[in-house]
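Please build the complex by placing chain B on the supplied structure of chain A, with the hints as guidance.
Number of protein chains: 2
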Amino acid sequence: MFESIAVVGATGAVGQIICKLLEERQFPLKRIKFLASERSAGKRIRFCGQEHVVQKLEPGAFEEVDLAISSTPDEVAGWFVPEAVRQGCVVVDESACWRMDPNVPLVIPEVNGEAIRRHRGIIASPNCSTTQMVQVLKPLHDAARVRRVVVSTYQAASGAGAAARRELDEGARAWLAGQPYTYHEFAHPLAFNCIPQIGRPKHRAYTSEEMKMVYETHKILEDDSIQICPTCVRVPVANCHSESILVETERKVTVEEARELLAATPGLVVVDDLDRKQYPMPIHGDGRDETFVGRIREDLSSPNGLALWCVSDNLRKGAATNAVQIAEWMVAHLVEPRCESSS
Amino acid sequence: MFESIAVVGATGAVGQIICKLLEERQFPLKRIKFLASERSAGKRIRFCGQEHVVQKLEPGAFEEVDLAISSTPDEVAGWFVPEAVRQGCVVVDESACWRMDPNVPLVIPEVNGEAIRRHRGIIASPNCSTTQMVQVLKPLHDAARVRRVVVSTYQAASGAGAAARRELDEGARAWLAGQPYTYHEFAHPLAFNCIPQIGRPKHRAYTSEEMKMVYETHKILEDDSIQICPTCVRVPVANCHSESILVETERKVTVEEARELLAATPGLVVVDDLDRKQYPMPIHGDGRDETFVGRIREDLSSPNGLALWCVSDNLRKGAATNAVQIAEWMVAHLVEPRCESSS
Numbered sequence: 001m002f003e004s005i006a007v008v009g010a011t012g013a014v015g016q017i018i019c020k021l022l023e024e025r026q027f028p029l030k031r032i033k034f035l036a037s038e039r040s041a042g043k044r045i046r047f048c049g050q051e052h053v054v055q056k057l058e059p060g061a062f063e064e065v066d067l068a069i070s071s072t073p074d075e076v077a078g079w080f081v082p083e084a085v086r087q088g089c090v091v092v093d094e095s096a097c098w099r100m101d102p103n104v105p106l107v108i109p110e111v112n113g114e115a116i117r118r119h120r121g122i123i124a125s126p127n128c129s130t131t132q133m134v135q136v137l138k139p140l141h142d143a144a145r146v147r148r149v150v151v152s153t154y155q156a157a158s159g160a161g162a163a164a165r166r167e168l169d170e171g172a173r174a175w176l177a178g179q180p181y182t183y184h185e186f187a188h189p190l191a192f193n194c195i196p197q198i199g200r201p202k203h204r205a206y207t208s209e210e211m212k213m214v215y216e217t218h219k220i221l222e223d224d225s226i227q228i229c230p231t232c233v234r235v236p237v238a239n240c241h242s243e244s245i246l247v248e249t250e251r252k253v254t255v256e257e258a259r260e261l262l263a264a265t266p267g268l269v270v271v272d273d274l275d276r277k278q279y280p281m282p283i284h285g286d287g288r289d290e291t292f293v294g295r296i297r298e299d300l301s302s303p304n305g306l307a308l309w310c311v312s313d314n315l316r317k318g319a320a321t322n323a324v325q326i327a328e329w330m331v332a333h334l335v336e337p338r339c340e341s342s343s
Numbered sequence: 001m002f003e004s005i006a007v008v009g010a011t012g013a014v015g016q017i018i019c020k021l022l023e024e025r026q027f028p029l030k031r032i033k034f035l036a037s038e039r040s041a042g043k044r045i046r047f048c049g050q051e052h053v054v055q056k057l058e059p060g061a062f063e064e065v066d067l068a069i070s071s072t073p074d075e076v077a078g079w080f081v082p083e084a085v086r087q088g089c090v091v092v093d094e095s096a097c098w099r100m101d102p103n104v105p106l107v108i109p110e111v112n113g114e115a116i117r118r119h120r121g122i123i124a125s126p127n128c129s130t131t132q133m134v135q136v137l138k139p140l141h142d143a144a145r146v147r148r149v150v151v152s153t154y155q156a157a158s159g160a161g162a163a164a165r166r167e168l169d170e171g172a173r174a175w176l177a178g179q180p181y182t183y184h185e186f187a188h189p190l191a192f193n194c195i196p197q198i199g200r201p202k203h204r205a206y207t208s209e210e211m212k213m214v215y216e217t218h219k220i221l222e223d224d225s226i227q228i229c230p231t232c233v234r235v236p237v238a239n240c241h242s243e244s245i246l247v248e249t250e251r252k253v254t255v256e257e258a259r260e261l262l263a264a265t266p267g268l269v270v271v272d273d274l275d276r277k278q279y280p281m282p283i284h285g286d287g288r289d290e291t292f293v294g295r296i297r298e299d300l301s302s303p304n305g306l307a308l309w310c311v312s313d314n315l316r317k318g319a320a321t322n323a324v325q326i327a328e329w330m331v332a333h334l335v336e337p338r339c340e341s342s343s
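For the protein sequence lines, the chains are A and B, in the order given.
Position 102 of the first sequence, counting from 1, maps to 102 under this note's numbering, and the rest follow consecutively.
Position 272 of the second sequence, counting from 1, maps to 272 under this note's numbering, and the rest follow consecutively.
Same shape as in the complex, but just chain A (with noise of 0.2 Å):
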């Protein structure tokens, strides 16, 4: 039903697993597109054994174009995404820049695939972070109510992009060799350190990584009375980003209840036990498409409280997996490409 796709952003980090994704799950298509940067225009993708030239991303780009699947800077999405929907294009965008438009369904396909429906040319994915809690949340959510979140996070350098990942590894070598090196994706030497602060300065002393985790999940859930605290750290891991979370209920629920929604739920892998030190790590979400989850325990400091820890690989469910997820439901429930209000 989707003819002709483009996939914008197409090398970069999110952008290659992207790709790699719409191969390996043959994604229906007649025609594909790479769009990216001036700077990255004229490299070569090899897409199901044909090899194609990336294209740069300019306004005119998606006459022909049925859906784009894009992760790009805001600022990027901010003026091209506009462009491809006045084209006819559907677009599926990974960036923060559209996420939070009434306009736009913000959507996990397991958690609110529902939304889509409402689209008008445009879906966000939303941030790393926010989907793997999220895909936690919602089964307890659906059973007995979120009313409170607290959670820090363990976020990997691969969430800054491909050039921090590598500059986790550079400076990385460089401590153990004693040598001096200079971050330049980070504002703080990363290796054998934490950072905390992911984001600008955004409200009242919160950054914006973690005010994505707030506001997104709130248009996820489409209830803004969950009260969610978020510290969102990042940790020199490579990827996957890891959660430490505490979910307050309005009706108690028990650790196997709790176990038996989780294990439930389409997306969500529970590997929890601590006798014999089973329990979600980033060296093991890595590649993975889904959320793992473990640590599940009886909040100590609350009645109806669950603690709980969740890894997921950010690149993929956190971004690539969950925008091919989206392109796979409309496939699925056949949603009218070009939308109506958009023509």
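If a hint is listed, it holds; no wrong ones were tucked in.
One copy or two, either will do: identical chains are not told apart, so a pair holds if it fits within one copy or between any two.
Straight-line distance between alpha carbons at most 25 Å, and here's what the computed BS3-like set of lysine-lysine pairs gives:
hint, residue 1, residue 2
1, K202, K252
2, K202, K277
3, K56, K20
4, K33, K43
5, K33, K20
The hints are simulated quantities; they were obtained by calculation from the structure and are not laboratory data.
For chain B alone, kept in the frame of chain A given last:
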């Protein structure tokens, strides 16, 4: 007043710092001896310009010793501490063995130094993850009564010992070279990973490290009514533990008031300017004796909550420094070294 001192476990990661601190801080003493396991006996330690041979820790070692500062595994402290006390020695013990004994004060000098007066031969120093948290909680508790704490830790390799710290380096080197590496000190690879387990399973799916943060905090603050939910995580940091802490108090404490209270507390340093990217980080805490606190902000999820982030050198204030400060407190407050109950 302590004529003769012993450092027990003198060759270990913490023991070495204890020796350095006694020297640097010119701790008053006439004689010093260095004790360690059979494996380390015979090694040499330089102290105040003189070379000393490390002696084997054995039952008769404390006959002429007034004060022992000790950092050993729990099982070692289990047998030697009562022996030392029987011989009239006061023991400041870093191990977890005696901390929860009702006859043993558990002390952070800036927090509850007066408890030292009640000692009966043993004074325990708290677990590293507890110490830095309680330092932060204490002024808030005094001012507004702490009711609840949710804490997620980011703990350094050095907390598992000197060998563990070396393993992180070696594991990181192997990872960067694409080589396999077998960890012995950790159940899972630590380099570029997070391990959400420290200690053994202890209580309702919480680990021993997590429960230390509950039990020890209650004992030090003499208030079992404080509700605490801890999650302890090992991160690939060489040294210095970080903690993301949410504190709820009976009376609301504003950010400004909290900052003033914390800044006025001996042993704490407030580093809190998000706009200038200033906050505590492990690389800055390394080698320092203070605990650093920042990212102080109003909890977005409760009316009387505060969120904050603290960092401390787990080998220093989390261990060696605190033990030496306990000994210094005794010197300053003229506590009789050979206490009556043990003579």
